[in-house]
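A.B. asks: In the order they appear, the protein sequences are chains U and V. Numbering of the first sequence is given in the numbering used here, commencing with residue 2 and proceeding in unit increments. Numbering of the second sequence is given in the numbering used here, commencing with residue 209 and proceeding in unit increments.
Take every hint as true, because none was put in to throw you off.
As a list, the in silico SDA-like pairs of lysine to any residue whose alpha-carbon atoms are at most 20 Å apart: (1) Lys256(U) - Val294(U); (2) Lys326(U) - Pro359(V); (3) Lys111(U) - Asp167(U); (4) Lys443(V) - Gln453(V); (5) Lys360(V) - Ala323(U); (6) Lys360(V) - Met328(U); (7) Lys326(U) - Arg335(V); (8) Lys321(U) - Pro359(V); (9) Lys443(V) - Leu536(V); (10) Lys331(U) - Ser357(V); (11) Lys360(V) - Val294(U); (12) Lys360(V) - Arg330(U); (13) Lys360(V) - Tyr325(U); (14) Lys326(U) - Arg362(V).
Example chain V residues on the side facing chain U (calculated, C-beta under 8 Å, incomplete): (15) Thr337; (16) Pro338; (17) Ala339; (18) Ala340; (19) Phe342; (20) Ser357; (21) Gly358; (22) His364; (23) Val365.
Hints listed in this document are in silico derivations from the structure and should not be mistaken for laboratory results. Note that the Cβ used here is the ideal one computed from N, Cα and C, for glycine as well.
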Amino acid sequence: MEMKEMTYKEAINLAMSEEMRKDKNVIFIGEDIGLYGGAFGVSVGMLDEFGEERVRDTPISEAVITGAAAGAAATGLRPIAEMMFSDFITIAMDNLVNQAAKMRYMFGGKAKVPMTLRLPTGSGTGAAAQHTQSLEAWLCHVPGLKVVSASSPAEAKGLLKAAIRDDNPVCFFEHKILYKMKGEVPVDDEYILPLGQSYVRKEGTDLTIVTYGTILYRVMEAVEAVEKDGISVEVIDPRTLYPMDTETIVESVKKTGRAMVVHEAAKTGGLGGEIAAMISESEAFDFLDAPVVRVAGLDTPIPYNRNLEEAVVPSVEMIKDAIYKIMNRK
Amino acid sequence: MATEIIMPKAGMDMVEGTVIKWLVKEGDKVETGDPILEILTDKVNMEVEAETSGTILKILADEGDVLPVLTVIGYMGEEGESVPDAAPAQTGSKKEDEVQDEPVETKELKTEKPEPETYVSEGGKVRATPAARFLAREKNIDLKAVKGSGPKGRVHVADVEAYKSVKATPLAAKIADVENIDLEKVSGTGYQGKITKDDVLSKTSPVETVGKSEKTAATEKVSGKKLIPLVGIRKIIAERMIESQQKAATVSLTIEADMTASIELRSSLKDRILKEKELKITYTDLMIMAVTKSLQKYPLVNATMTDEGILMNDSVNIGLAVGLDSGLMVPVINGTDKMTLTDIVASRTDVVTRTTKGKITPAELQGSTFTISNLGMFDTVSFTSIINQPNSAILSVGTILERMRVVDGEPKVRSVMNMTLTMDHRVMDGVEGAKFLQYLKDLLEEPTLMLL
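Please take these sequences and the hints and turn them into a complete structure.
C.D. replies: Structure (structure tokens):
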């Protein structure tokens, strides 16, 4: 497969552009995505290529963005909509939750809503409490929505293309810290990573860690460190948070006997609880050799102060500590 | 299904018990709560009651047998039900069946090999991970016997994997390793079948292993003399005495008290207490009263030596040495500092009576802060005692004798009594003990001071 090194945001741009070239029904709407190229510079050059008709700057109203996207999707287009910050989804919720997520069901399958909502998420940018949250669990709780999280440039491309081609509303989380991350990305315009498949990022025998987003890289660092002490960790990135491929996780836990979920989102009501419960309900239960552990963000708004911002989300040290503890090495 | 009758564990440190007497025989019908046998724990005789109603199907232990706690000593159930002819592995209580969910047949098959110590959390359930449980089921291992390495003793898979169904002391295991002996083939004579050094050594020589009683018999045969095995209460006394001697730095102080006034006091109260309470006041009661008052004045003598330091007790609990044919017992009268003399007479009568009848409970043999040993009734003039741990002193009381004593420059016949305080010099110095004795003497010589 021919590869090209590019950043995460270039991979997003490529995925959108390829799909727009391929299907004229794919359009792109959002705040400052046209002339300005997007708040994070993701859509630079897209206005020039596809014109104002297909790359549309919207008013500063997230309700309008999701409402327009849902309506356009229901009436035949395949809109990609961008929230400048995923935090703003709170004012776009009615159109997303009560309209987009429900239409296909309430019209007995006669309507479809093939929209993709891109959501820059997470902390680490010093953008304070209203611009740094991780709200993926909110959306996973709404039947009718699919929720995706991409952790690398190649995955961003492959998963976003799958999201755009999906006939259901897909909420696509992009961690802001990853935008500048570089990686090899397949140039093939049919490179698709199917939704609903977990990815075993690293194989191991002693512990299964389920994680996604930027925190994945902290997990990898911690896992490498504990390897020196003979602890072999399997790392699974679910990639699609809903509907999640639980089978891969359950099989892994049956093999390792221990499970941990690590995410940046606040612990209470976070996906970690859902995954932990799923594991203990599954046939992996009999294989559990330790309680399932969640390592997650503190139940607090993300502080503006950079040191505090760093302190409220799991660090490499915190993850290492949790690994030693679950392994009875402490 | 037949119910096991087991040697109960009647106290925290009870490891074995003696079957004294079966109160029922095979075929007898009993109701729940009926006493079925009498046992001797390390300190007391007690009756074992039937846990359910039914027929006594099998009696496995003979009277006089000394057995580890939880050993199956018989079976009861429906009449005509079949039961094993031998005691099975010491699996403990019935609860285990629920936890283990294991068919009875398997349990009965793995007989003969007594199982080792158990690690059960509060509520009687084993703390184990699902995976450890799964593996234990597969390997047919009793989780209760597996030592958990996780927090709060949680049993993990690694613990089940490491578990060897044979329990041996480290030395025994080492010898077995060096001598290339299969521990599975050695029968253990230690606590709950633990294999000891001797068990392994007996395998290294051509001589067959002999059990405890056989050993005794063999020794008697060789020497031609009767050998009393060191078990039960004798063993406990032996251990506790030597332990106390090794622990405490003892000093003994003796004082003579003129008991004339105390004798008068006792005879003046005797009839009254007998009439009102139908109880007999003794010199011991007066001693308890006077000792209690003295301990309140010199509380260090009433203190307890602990690992952390000297614990000042906030009440006075008097232990009374009671000599029985079977051995020494020290029942405790709690809170004598809050008692009137009549209360003391009543409490002393109660505990001593029950002690001599073997009906005292293990709890009543614990918690003393000071001990009195009185051998006056045997005409002993004076003696010393070994401190009853964890007390810091003990008072040895001799007989009351009529002796010539100089009173106001004149020789007079007086009733005198020797008392010896044996004290732990770690807790207090000789002066403290001497002051205590002096005050005690004052109280006995002038008992009205006790009213102060």
